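J.: Residue-level listing of the chains:
Number of protein chains: 2
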Amino acid sequence: MISKAKIKHIRALQVKKYRKDEQCFVVEGAKSVVELLHSDFEIVWVGATPEFLQQTKSLLANKKPEVSEATEAELIAAGSYQTNSGALAIARMKPNTAFPIRDNEWALLLDDIRDPGNLGTIIRTADWYGVNHIIASEATADFYNPKVISATMGSFCRVHVFYTNLLPYLQAARKPVYGTFLEGTDVHQLHWSGGGLLVIGNEANGISSAIERLVTQKITIPRYGRAESLNAALATGIVLDVIRSKK
Amino acid sequence: MISKAKIKHIRALQVKKYRKDEQCFVVEGAKSVVELLHSDFEIVWVGATPEFLQQTKSLLANKKPEVSEATEAELIAAGSYQTNSGALAIARMKPNTAFPIRDNEWALLLDDIRDPGNLGTIIRTADWYGVNHIIASEATADFYNPKVISATMGSFCRVHVFYTNLLPYLQAARKPVYGTFLEGTDVHQLHWSGGGLLVIGNEANGISSAIERLVTQKITIPRYGRAESLNAALATGIVLDVIRSKK
Numbered sequence: 001m002i003s004k005a006k007i008k009h010i011r012a013l014q015v016k017k018y019r020k021d022e023q024c025f026v027v028e029g030a031k032s033v034v035e036l037l038h039s040d041f042e043i044v045w046v047g048a049t050p051e052f053l054q055q056t057k058s059l060l061a062n063k064k065p066e067v068s069e070a071t072e073a074e075l076i077a078a079g080s081y082q083t084n085s086g087a088l089a090i091a092r093m094k095p096n097t098a099f100p101i102r103d104n105e106w107a108l109l110l111d112d113i114r115d116p117g118n119l120g121t122i123i124r125t126a127d128w129y130g131v132n133h134i135i136a137s138e139a140t141a142d143f144y145n146p147k148v149i150s151a152t153m154g155s156f157c158r159v160h161v162f163y164t165n166l167l168p169y170l171q172a173a174r175k176p177v178y179g180t181f182l183e184g185t186d187v188h189q190l191h192w193s194g195g196g197l198l199v200i201g202n203e204a205n206g207i208s209s210a211i212e213r214l215v216t217q218k219i220t221i222p223r224y225g226r227a228e229s230l231n232a233a234l235a236t237g238i239v240l241d242v243i244r245s246k247k
Numbered sequence: 001m002i003s004k005a006k007i008k009h010i011r012a013l014q015v016k017k018y019r020k021d022e023q024c025f026v027v028e029g030a031k032s033v034v035e036l037l038h039s040d041f042e043i044v045w046v047g048a049t050p051e052f053l054q055q056t057k058s059l060l061a062n063k064k065p066e067v068s069e070a071t072e073a074e075l076i077a078a079g080s081y082q083t084n085s086g087a088l089a090i091a092r093m094k095p096n097t098a099f100p101i102r103d104n105e106w107a108l109l110l111d112d113i114r115d116p117g118n119l120g121t122i123i124r125t126a127d128w129y130g131v132n133h134i135i136a137s138e139a140t141a142d143f144y145n146p147k148v149i150s151a152t153m154g155s156f157c158r159v160h161v162f163y164t165n166l167l168p169y170l171q172a173a174r175k176p177v178y179g180t181f182l183e184g185t186d187v188h189q190l191h192w193s194g195g196g197l198l199v200i201g202n203e204a205n206g207i208s209s210a211i212e213r214l215v216t217q218k219i220t221i222p223r224y225g226r227a228e229s230l231n232a233a234l235a236t237g238i239v240l241d242v243i244r245s246k247k
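Heads up: the protein sequence lines correspond to chains A and B, in order. Everything in the first sequence is counted per the working numbering, starting at 1 for the first residue and increasing by one. Everything in the second sequence is counted per the working numbering, starting at 1 for the first residue and increasing by one.
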């Protein structure tokens with residue numbers, strides 16, 4: 001059974017301010033919780049069906065979180081999903097620390113990605129293409145928002161996001177900086193070697209003009225029809241696919 | 001002012017059954033309503049700010065919908081958005097009719113895309129890549145769902161979706177049928193000429209086994225990292241980008 005206090009706590013963790021105070025976040029669904037159990041996140045609590053607890057016995061023994069047995073209905077009532085495949089967990093947030101980007105590495109720079117679903121999908125896509133580091137502006141959606149965690153489909157365990165002021169970061173970076181614009185060089189025509197930073201612009205406004213000045217190579221995904229733009233996560237995936245396949 | 005009866009009607013149109021009975025759907029936001037005014041959809045009613053009505057005077061004179069002047073606050077109260085940039089419209093649904101696919105044309109086949117946001121993004125992406133026809137299984141999200149319309153960013157005016165039973169459709173199609181699987185041929189290694197049908201599988205289960213048997217060419221988007229899969233709309237965009245750039 002999940003206690004009333006725990007349900008209240010889980011619901012409160014939907015709110016960024018409360019997450020920040022508690023330094024905790026929620027992971028919902030069996031698949032994501034299994035990824036969490038395999039990760040280096042500290043796990044505070046797991047609520048799950050007897051089947052889930054049985055199947056993940058050794059993983060749980062390793063991580064030693066507090067455990068509550070619960071029914072599917074209780075998990076749904078506690079969480080934000082309309083269905084839940086058997087587990088819900090509370091884990092400890094990691095500190096927001098910078099990471100070095102190696103010379104041959106590709107990293108993403110998010111210039112105000114506001115939609116949690118888009119951020120989650122970008123993280124999942126980065127993980128597919130072997131991109132482990134994302135630098136995000138402070139106005140970008142919160143990594144620990146349950147909708148972001150959910151949309152990553154488990155990739156939140158493998159991709160690191162560092163929140164910072166992008167301008168000083170880019171000024172100090174000394175790396176090639178690529179950004180998608182309507183009037184750049186066709187991504188398919190470029191010679192993609194080495195690594196670099198790929199800037200993804202805000203959903204409505206694209207890359208801000210201050211950041212645009214620090215882009216060393218403007219790129220374009222060619223358009224064949226009439227849509228005005230591509231979704232930000234889509235554009236990320238297409239450019240990463242080109243980078244990886246052209247190397 | 002928007003009448004109480006109109007607000008009730010707009011809210012009811014959030015529900016598929018009511019949309020089907022009324023054969024009407026809602027379009028929210030200035031940008032999407034402008035696209036609607038340029039389209040061949042019959043427009044029943046437009047509620048908008050004085051500025052919007054002024055700017056679209058000639059378009060409105062052409063389409064002759066019923067018009068109500070409204071404040072931004074009234075538009076937000078009536079619609080499903082948290083913000084509204086100035087307009088909301090009710091338009092007439094089009095009949096669900098089959099369309100011919102030309103020999104050199106590419107069309108999408110959606111095998112149960114359940115998420116309205118994904119469907120909308122797929123429509124927008126198809127429009128970017130000049131794909132005008134989509135054939136969708138009957139369990140695919142409803143084209144006229146406000147979340148779908150919204151996620152298309154206006155592309156609902158240019159891309160046609162035909163709902164049907166995919167099995168008999170494919171059996172009769174006599175066209176190359178491509179589908180993404182984990183064990184197909186690398187999309188970058190194929191020679192993409194002519195046209196064909198590209199099947200996009202369900203978000204959780206991929207392409208169903210009955211449809212899989214009718215796929216003539218299994219394809220794969222190579223993975224470089226550890227995510228288990230790509231989002232369905234992402235995969236669509238990446239394959240369309242490869243098709244268009246390799247031709």
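Hints listed in this document are in silico derivations from the structure and should not be mistaken for laboratory results. Hints may be right or wrong, so weigh each one.
You can't tell identical chains apart in this list, so a pair holds if it fits in one copy or across any two.
[Unchecked claim] Derived lysine to aspartate or glutamate pairs resembling DMTMM-like cross-links, with alpha carbons at most 25 Å apart: (1) LYS17 x ASP186; (2) LYS20 x GLU51; (3) LYS246 x ASP186; (4) LYS175 x GLU51; (5) LYS6 x GLU183; (6) LYS94 x GLU228; (7) LYS57 x GLU105; (8) LYS6 x ASP103; (9) LYS94 x GLU22; (10) LYS8 x ASP142; (11) LYS147 x GLU203; (12) LYS6 x GLU203; (13) LYS94 x GLU51; (14) LYS63 x GLU212; (15) LYS4 x GLU66; (16) LYS218 x GLU74; (17) LYS57 x ASP40; (18) LYS63 x GLU203; (19) LYS31 x GLU183; (20) LYS246 x ASP21; (21) LYS246 x GLU183; (22) LYS17 x GLU51; (23) LYS31 x GLU228; (24) LYS64 x GLU138.
This one's a predicted model, so the numbers in the text were calculated from it and none came from an experiment.
J.: Compare the structure with each hint and give your call.
T.: Verification of the hints:
1. Taking the shortest Cα distances, LYS17 and ASP186 never come within 25 Å of each other, neither inside one copy (42 Å) nor across copies (45 Å).
2. When the C-alpha separation of LYS20 and GLU51 is checked against a cutoff of 25 Å, the pair qualifies neither within a copy, at 32 Å, nor between copies, at 42 Å.
3. In this homomeric assembly, LYS246 and ASP186 come within 25 Å of each other (Cα to Cα) both inside a single copy, at 13 Å, and across copies, at 13 Å.
4. For a Cα distance limit of 25 Å, the shortest separation of LYS175 from GLU51 qualifies neither inside one copy, at 49 Å, nor across copies, at 46 Å.
5. Taking the shortest alpha-carbon separations for LYS6 and GLU183, neither the intra-copy value of 52 Å nor the inter-copy value of 43 Å comes in at or below 25 Å.
6. Taking identical chains as interchangeable, the C-alpha atoms of LYS94 and GLU228 lie at most 25 Å apart only when they sit on different chains, with a minimum of 23 Å there against 38 Å within one chain.
7. Taking the shortest alpha-carbon separations for LYS57 and GLU105, neither the intra-copy value of 37 Å nor the inter-copy value of 53 Å comes in at or below 25 Å.
8. When the C-alpha separation of LYS6 and ASP103 is checked against a cutoff of 25 Å, the pair qualifies neither within a copy, at 45 Å, nor between copies, at 60 Å.
9. Taking identical chains as interchangeable, the C-alpha atoms of LYS94 and GLU22 lie at most 25 Å apart only when both belong to the same chain, with a minimum of 12 Å there against 51 Å between chains.
10. In this assembly of identical chains, LYS8 and ASP142 lie within 25 Å of each other by CA distance solely inside one copy; the values are 21 Å within and 35 Å between copies.
11. Proximity of LYS147 and GLU203 under a CA criterion of 25 Å is satisfied in both settings, with 17 Å inside one chain copy and 16 Å between copies.
12. Taking CA atoms no more than 25 Å apart as the test, LYS6 paired with GLU203 passes in neither setting, with 36 Å inside one copy and 31 Å between copies.
13. Taking the closest pair of Cα atoms, LYS94 and GLU51 never come within 25 Å of each other, the shortest separation being 29 Å inside a single copy and 48 Å across copies.
14. Proximity of LYS63 to GLU212 under the C-alpha cut-off of 25 Å is found in neither arrangement, the shortest distances being 44 Å within a copy and 40 Å between copies.
15. Taking the closest pair of Cα atoms, LYS4 and GLU66 come within 25 Å of each other only inside a single copy of the chain (16 Å); across copies the shortest separation is 52 Å, beyond that limit.
16. For a Cα distance limit of 25 Å, the shortest separation of LYS218 from GLU74 qualifies neither inside one copy, at 50 Å, nor across copies, at 41 Å.
17. For the homomeric pair LYS57 and ASP40, the shortest alpha-carbon distance inside one copy (17 Å) is at most 25 Å, but the shortest distance between copies (59 Å) is not.
18. Within a single copy, LYS63 and GLU203 get their C-alpha atoms no closer than 38 Å, and across copies no closer than 31 Å, so neither meets the 25 Å cut-off.
19. Proximity of LYS31 to GLU183 under the C-alpha cut-off of 25 Å is restricted to the inter-copy arrangement: shortest distance 22 Å between copies versus 41 Å within a copy.
20. Taking identical chains as interchangeable, the C-alpha atoms of LYS246 and ASP21 are never at most 25 Å apart, the minima being 45 Å within one chain and 51 Å between chains.
21. Taking CA atoms no more than 25 Å apart as the test, LYS246 paired with GLU183 passes in both settings, with 21 Å inside one copy and 21 Å between copies.
22. In this assembly of identical chains, LYS17 and GLU51 lie within 25 Å of each other by CA distance neither inside one copy nor across copies; the values are 34 Å within and 38 Å between.
23. Within a single copy, LYS31 and GLU228 get their C-alpha atoms only as close as 36 Å, which misses the 25 Å cut-off; across copies the closest is 11 Å, which meets it.
24. Neither within a single protomer nor between protomers do LYS64 and GLU138 lie at most 25 Å apart by alpha-carbon distance, with minima of 33 Å and 46 Å respectively.
The structure shown violates the earlier hints numbered 1, 2, 4, 5, 7, 8, 12, 13, 14, 16, 18, 20, 22, 24.
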